[in-house]
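For the record, the sequence lines run as chains A and B. Note that numbering that gives the first Met the number 0 numbers the first sequence so that position 123 is 122, with each residue one more than the last. Note that numbering that gives the first Met the number 0 numbers the second sequence so that position 386 is 385, with each residue one more than the last.
Since the hints were made in silico from the structure, they are not lab data. Watch out, some of these pointers could steer you wrong.
Derived DSBU-like pairs: lysine-lysine, alpha-carbon spacing no greater than 35 Å straight-line [said to hold, decoys possible]: (1) Lys-95/A - Lys-31/B; (2) Lys-179/A - Lys-68/B; (3) Lys-31/B - Lys-45/B.
Residues of chain A placed beyond 12 Å of chain B at every Cβ, according to the derived structure [said to hold, decoys possible]: (4) Ala-19; (5) Pro-72; (6) Pro-143.
Just so it is clear, CB atoms sit at the ideal spot from N, CA and C, and this is done for glycine as well.
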Amino acid sequence: MSEPTPKFKVTVDNITVEVAPGTTILNAARMIGGDVTPPAMCYYSKLPESGGKCRTCLVEVSKGSEKDPRPMPKLVPSCRTTVMDGMEVKNITSEKVLDARKGIVEMLLINHPLDCPVCDQAGECDLQNLSYEHGTEKTRYEFPRRTFEKEDIGPYIQLHMTRCILCYRCVFTADQLTQKREHGVLERGDHAAISTLLSKSLDNEFIGNVIDVCPVGALTDKTFRFKNRVWFTKPVDAHCSCTKCSGKARLWMRGDEVYRVTARKNEWNEVEDWICNECRFEKKSAKDWVVEGPSKIKRSSVIAQGHYENTVKTPVLIDKVLGKSPKLLMNIHDVSDVNRPEIELSKIEGPAHSNDFKTGK
Amino acid sequence: MAVKVLLKNDHIEGIRYYDTYRKHGGYAAAEKALKMAPADIVEEVKKSGLRGRGGAGFPTGMKWSFLAKPEGVPRHLVCNADESEPGTFKDRYLMEFHPHTLIEGLLISSFALGSNATYIYIRGEYAWIVAILEQAIDEAKKNGWLGKNIQGTGFDCEIYVHRGAGAYICGEETALIESLEGKRGNPRMKPPFPAIQGLWMRPTVVNNVETLAAVVPIINMGGEEYAKIGVGRSTGSKLLSVCGNVNKPGVYEIDMTISVEEFIYSDEYCGGIPNGKRLKACIPGGSSVPIVPANLLFKTAKGETRYMNYESLSDGGFATGTMMGSGGFIVLDEDQCIVRHTMTLARFYNHESCGQCSPCREGTGWMYKILKNIENGKGKMSDIDLLWDIQRRIEGNTICPLGDAAAWPVAAAIRHFRDEFEWHVNNPEESQRRNFGLAHYADPIHVPAGA
Chain A
0 MSEPTPKFKV
10 TVDNITVEVA
20 PGTTILNAAR
30 MIGGDVTPPA
40 MCYYSKLPES
50 GGKCRTCLVE
60 VSKGSEKDPR
70 PMPKLVPSCR
80 TTVMDGMEVK
90 NITSEKVLDA
100 RKGIVEMLLI
110 NHPLDCPVCD
120 QAGECDLQNL
130 SYEHGTEKTR
140 YEFPRRTFEK
150 EDIGPYIQLH
160 MTRCILCYRC
170 VFTADQLTQK
180 REHGVLERGD
190 HAAISTLLSK
200 SLDNEFIGNV
210 IDVCPVGALT
220 DKTFRFKNRV
230 WFTKPVDAHC
240 SCTKCSGKAR
250 LWMRGDEVYR
260 VTARKNEWNE
270 VEDWICNECR
280 FEKKSAKDWV
290 VEGPSKIKRS
300 SVIAQGHYEN
310 TVKTPVLIDK
320 VLGKSPKLLM
330 NIHDVSDVNR
340 PEIELSKIEG
350 PAHSNDFKTG
360 K
Chain B
0 MAVKVLLKND
10 HIEGIRYYDT
20 YRKHGGYAAA
30 EKALKMAPAD
40 IVEEVKKSGL
50 RGRGGAGFPT
60 GMKWSFLAKP
70 EGVPRHLVCN
80 ADESEPGTFK
90 DRYLMEFHPH
100 TLIEGLLISS
110 FALGSNATYI
120 YIRGEYAWIV
130 AILEQAIDEA
140 KKNGWLGKNI
150 QGTGFDCEIY
160 VHRGAGAYIC
170 GEETALIESL
180 EGKRGNPRMK
190 PPFPAIQGLW
200 MRPTVVNNVE
210 TLAAVVPIIN
220 MGGEEYAKIG
230 VGRSTGSKLL
240 SVCGNVNKPG
250 VYEIDMTISV
260 EEFIYSDEYC
270 GGIPNGKRLK
280 ACIPGGSSVP
290 IVPANLLFKT
300 AKGETRYMNY
310 ESLSDGGFAT
320 GTMMGSGGFI
330 VLDEDQCIVR
340 HTMTLARFYN
350 HESCGQCSPC
360 REGTGWMYKI
370 LKNIENGKGK
380 MSDIDLLWDI
390 QRRIEGNTIC
400 PLGDAAAWPV
410 AAAIRHFRDE
420 FEWHVNNPEE
430 SQRRNFGLAH
440 YADPIHVPAG
450 A
C-alpha cells in the first residue's frame with residue numbers, strides 16, 4: 000500500500016470532480032455543492048445504512064464507467080450508489096430525474112398535514128425546502144390525509160407521526176446509540192408508524208439527537224415547543240465542559256435568553272457532533288455556556304433573516320452546468336423607469352416620484 | 000403433447016412418502032449428483048438453460064455462478080416458498096404432493112453450491128405444508144439423505160423450514176433474507192447482491208421452489224437433454240396454476256411449445272370457458288404482470304400465434320405483450336369488470352407495500368383510493384390520467400420490484416381498457432348495475448401491412 004490510492008473521476012452535470020473510490024454519487028455531488036447536489040431526505044452521512052428510502056436523490060447515470068460505458072437502465076439512488084471511474088451522472092440536466100423528483104415530492108406531501116404555520120420545524124424543515132424547490136403549487140390528492148395520535152416518547156420528546164415521512168433516520172439513530180431495539184417501525188405500507196413498543200419512553204443519554212436528525216417536525220423538543228419561531232431566534236455556536244459529550248452545541252437565542260439547544264449542523268443540515276440530553280434540555284441559561292460566535296447559516300435559509308454575520312453563500316454553478324453563460328434575455332434596467340442603479344435613493348428629497356428617475360434620461 | 004417432468008409420478012398414490020418416492024426412482028438424481036463435482040452440477044444446470052420460475056426468469060445457472068466463494072465463510076441456499084402472488088399456487092401443489100422432489104432438489108443444489116444450512120422460507124398461510132415438509136425432511140434424514148456425512152460423501156446438509164408471517168413483500172429475495180434473520184421484512188438496497196452478501200452477510204442463493212425441484216430432472220436427464228424440452232430460450236417444463244373463468248382450474252405442467260389458445264380451450268388443459276361465455280382478458284403470469292385483452296392474447300401485434308413461453312408472451316413489450324411471470328394464469332370472461340379487477344389488485348398492493356420507499360408507500364394507496372372512486376361511480380375523467388401519472392412515477396423508482404408490480408397492472412388496464420374506465424366515469428349509475436361487457440376486446444386486431 001505504498002502508492003497512493005487512485006482517485007475516481009466522476010462527472011455530475013458536466014462538472015468533474017475527483018473522489019476516492021467507494022464514495023457515493025451524492026457525496027461526490029456534495030463536493031461540488033450548489034444546485035447539482037441532489038436533495039436527500041433520508042440519507043444521513045453520520046448514520047451507516049441510512050438512505051435509499053425517500054428516493055428524492057434519484058439521479059440518472061448516463062455512463063456507467065470508463066470500462067463499461069453503458070448507462071444504468073433505471074434512475075439510481077445517489078446516496079447508496081458508489082461512483083466508478085469515468086462515471087457520468089445527470090441530476091438537474093436530466094428531465095427524467097426532475098420529473099421523477101417532482102412525483103416523489105408530490106407523494107411525500109399527499110399525507111403530510113402541511114401544518115407549517117403551527118409546526119416548530121418550519122423554517123428549518125427539509126421537506127419545506129424540498130417542496131419549495133421541486134414541488135408543485137397544487138396537490139392532486141383529494142382524499143382525507145392519514146392522521147395519528149400524538150405520542151410522548153420520554154419526558155422531552157414529542158412524536159407527531161402525522162408529519163412523519165418515514166425516512167427511518169431516527170430509527171437508525173436510536174438503534175445505533177442504544178443497545179436495545181426499542182424504537183422502530185410498526186405496521187407497514189401507508190399506515191406504517193414510527194413508535195416505541197407499547198408507548199415506552201426512550202431512555203438514553205443521547206436520545207435527544209433524534210430531534211435533530213428528523214427532517215420534518217415529527218420529532219420535536221418539548222422544552223421548545225411553541226415557544227418561538229426559529230427565524231426569530233439567533234443561532235450562536237457555544238461550548239461547555241460536558242463529561243458525556245463533546246459539549247459543542249448551537250444555542251438559539253433571543254436577547255440573552257437561550258430558547259433551545261441543538262447540535263451543530265453542517266451545510267447539509269447534518270449533525271456534526273451528537274450532544275447529550277443534559278446539554279440539550281437542561282442547560283437553558285447563557286451562564287452554562289461559553290459563546291464562540293454566530294453560527295454559519297446558509298444565506299438562502301429563512302433563519303439568515305436578521306443574521307448578518309457568517310452567512311454562507313451557495314455556489315452558483317449554472318455557467319459550468321450549461322458549459323456557457325446563460326444568455327441575458329432582458330436587462331431590467333433597460334426597460335424600467337424606476338429601477339436605476341445610478342440614482343441613489345437616499346439623495347432624493349421627499350418621497351420619490353417617477354420624475355426623479357426620468358431626469359437621468 | 001403433454002410433457003410430464005416434474006409431475007411425472009403425479010398419479011402414484013403415496014408419492015408424498017419416502018418409500019414410494021424411492022421405489023419410483025426418487026433420490027436417483029441425488030445419488031448421481033453426489034458423485035459429481037459441484038462445479039459440474041452448476042455446469043449441467045447452465046446447459047439446461049433453466050430459468051428462474053419465480054417470476055423474473057433469470058437463468059439459474061448464471062445466478063449460481065455469481066455466488067461468491069470466499070474462504071472460510073459459509074454459504075447458504077434459501078428456497079423461496081413464499082408464494083404470495085395472487086393467482087399463483089403451483090409451488091403449493093409441488094410441496095404438498097411432491098415434498099421429496101423439492102428436498103432432493105435442495106440437496107443437489109446445496110451440494111453444488113456448498114451450502115451446509117439450507118432454508119425453506121415458506122409462506123405463513125401454508126401452515127399445513129410445513130408439517131408435510133418436516134415429515135419429509137425427517138424421512139430423508141432417517142435414510143441418510145440429510146444430516147452429517149450424507150451417503151458417506153462427507154457432505155453435511157441440514158434443511159430448516161421457516162414460516163413467514165404473512166407478508167407478500169417477503170417473497171422478494173432481500174426482504175426474505177431480512178425476515179429469515181428475524182428482522183422486519185424490508186427489502187435491502189442492492190448492491191450488495193445476495194450472491195455476495197445475503198443471509199447473515201454470507202453469500203446466498205435464493206431460488207423458487209419449482210426452480211430447485213427442476214434440478215432433479217436436470218440431473219436425471221442431463222442438462223442437454225432437458226434443454227431439448229421447450230423452445231428457444233424457454234427450456235424445460237413449467238408449472239402453471241390456472242384460476243378464474245375456466246372449466247378446469249388447477250395446476251398444469253406444460254412444455255412451453257403450446258399456444259395460448261390451445262392451453263385455454265383444449266380439454267387436456269383448461270377446457271375452455273364455462274357456460275359458453277367468451278374470453279375478455281387474461282393475466283398469464285400472476286397478478287403483477289400486465290393484463291392483456293383477448294385479441295392480443297392469442298395473436299401478437301404482428302399477427303403471429305402467441306405461445307406459452309417467456310419470449311412469445313413478452314413479444315411486443317408492455318405495449319402489446321405481457322410476461323410469463325410466476326405462472327399464475329388468471330382468465331377473465333366477458334362478465335368481469337376490469338375496473339373492479341384493477342381496484343382489487345391495487346388494494347392488494349396497497350396492503351402489502353412495506354412502506355419503506357415513498358413512491359410505493361404513498362402511491363399504491365393513492366391509486367387504490369382513485370380506483371375505488373371510479374368503481375363506485377364517483378370518478379372523474381381526470382382521474383384516469385392521474386392514475387397513469389402516478390403509476391408512471393412509481394415504476395422503476397423504488398427499491399424493490401413491488402413498486403413495479405403495483406404499477407404494471409394499473410398501467411396495462413388503462414392502456415388496453417381505457418374505454419371501460421371512461422364508461423365507468425361517464426355512466427356512474429349504469430356502471431353500478433351492469434358490466435361493460437366484452438365490447439371490442441375480442442375483435443381481431445388490425446395488422447398493419449408489413450408488420
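Here is how each hint holds up against the structure:
1. Lys-95/A - Lys-31/B: violated (53 Å)
2. Lys-179/A - Lys-68/B: holds (33 Å)
3. Lys-31/B - Lys-45/B: holds (17 Å)
4. Ala-19: holds (18 Å)
5. Pro-72: violated (8 Å)
6. Pro-143: Contrary to the label, Pro-143/A does not stay out of reach of chain B, its closest Cβ about 9 Å off (not over 12 Å).
When each numbered hint is compared with the structure, violations occur for hints 1, 5 and 6.
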